[in-house]
Amino acid sequence: MKYLSNVTTLKLDDKKCIGCGMCEIVCPHAVFSIEGGKALISDRDACMECGACSKNCPVCALSVNSGVGCATGIINGVLGGGECCGSKDCSCS
Amino acid sequence: MNIFQQQHWIVGSVMSQGEEIPRVSTSLTSEDIMGAIKVRLSISRMDYAVEPGLYVVGSPDATSPVLVSANYKLSFDNLRKELEGLDVWILVLDTKGVNVWCSAGKGTFGTEEIVGRVRSVGLDKMVSHRKLILPQLSAPGVAAHKVKGDCGFQVIYGPVRASDIKNFLKAGMKTTPEMRRVRFDFLDRLVVVPVEIIQWAPHVFLLGLVMVALSGIVGTGYDVNLLCTRGFMALIIVLSTFLAGSILCPALLPWLPGKAFSIKGMWVGFIIWGILVLSECGSTLGIHFPLEAWAWLPIILAIISFIAMNFTGCSTFTSQSGVKREMRYAIPVQILLLVIGIALWIKAGLL
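First to last, the protein sequences are chains F and B. Each residue of the first sequence is one higher than the one before, starting from 1 at the first, in the working numbering. Each residue of the second sequence is one higher than the one before, starting from 1 at the first, in the working numbering.
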């Protein structure tokens, strides 16, 4: 299953990348591959913006506006209900 | 002896560095299974936690692996039941009773908590190596290089699923690409359905009650008798539509056309409307007039599309930017459909 195309905020700075492969390890959707000693975004539309790659990149070559892709959480946020996960209403389980 | 050592899943203890470390069972009892069923039904879900700290499975020594876990009991049970026959340490973090992925997203399963917990249990004295095995889905909250810098322990991301841990350890702490991929299988999708139903049921019930109240409108007057007939039928249709949609959308998710969940939900809405109108059930539920039947189409589409859209939070592959983009057009459409549907439905009552 794939979600919407051309929407992720994921960015990779080629010049900073040292090809350590951490992003490839932590990505739950196999967005990255390592080619020629550098990370490559090989399946961009599979990105769900979880933020694991940017958090674990030791040279800050990756950036993404990470957040939970949860409509209920976004509605609660807009209505002033606060966060999603951890609240009584969240279905995260 | 601490109070948490009276838990039924604690089976004895081991002594290490002058400290008594509780040993946990690797088999789940009926009590654990009942607890899991209860939280899946949204009962006391936020109090289902394990005391943070160090535990063991088997009889680990200073060279045994250290597995790091969230303190949501469902996550913890899911881990320990896969560890039969192993000798390992389990470091349970305080994730406020929330599962690995969600607590990592919030940052409670994070660098600071790991470093603090490693220090407070004195892990550097219990083991001679400097490695921590984390579930891969904790990575959004943890900066592996910072954990290493702050407490000297190297983070090794293990498999997504606890069921792969034995193979991961056997392979010398190596994951395969398959172990690293998150899935969203049929059962994964259905198991979260009850919580979603319980969450939205009050809102949907309220919508049903509004329709009950509106059902009495006849021209310029108001007929109270209609509340129990036409109104009650409307309430039943709204609730059953909601229930059917809450189950069918997750069940059929991969096969429903479209990428946006709100569009996938529309297809389910058409199916449910078709069944309602065409089946005998449709006529016994009081749908006699063509306009009444048509009025239900936009109402049902609005309800199911909204419910499907909210299933994004349960899924394992939707991005926040994507959900925001979807909501920008889906919510106005859903509101419009609901308003048009109810207006048509009131009009149908006047005929």
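Keep in mind that a hint or two might mislead.
To be verified - Chain F stretches covered by chain B per the calculated footprint, using a threshold of three residues with CB under 8 Å from any CB of chain B:
1. 3–14
2. 30–44
3. 55–67
These aren't lab readings, by the way, just hints derived from the structure by calculation. Built from N, CA and C at the ideal position, the CB exists for glycine as well.
Status of each hint after checking the structure:
no. : hint  : result
1   : 3–14  : holds (count 6)
2   : 30–44 : violated (count 1)
3   : 55–67 : holds (count 6)
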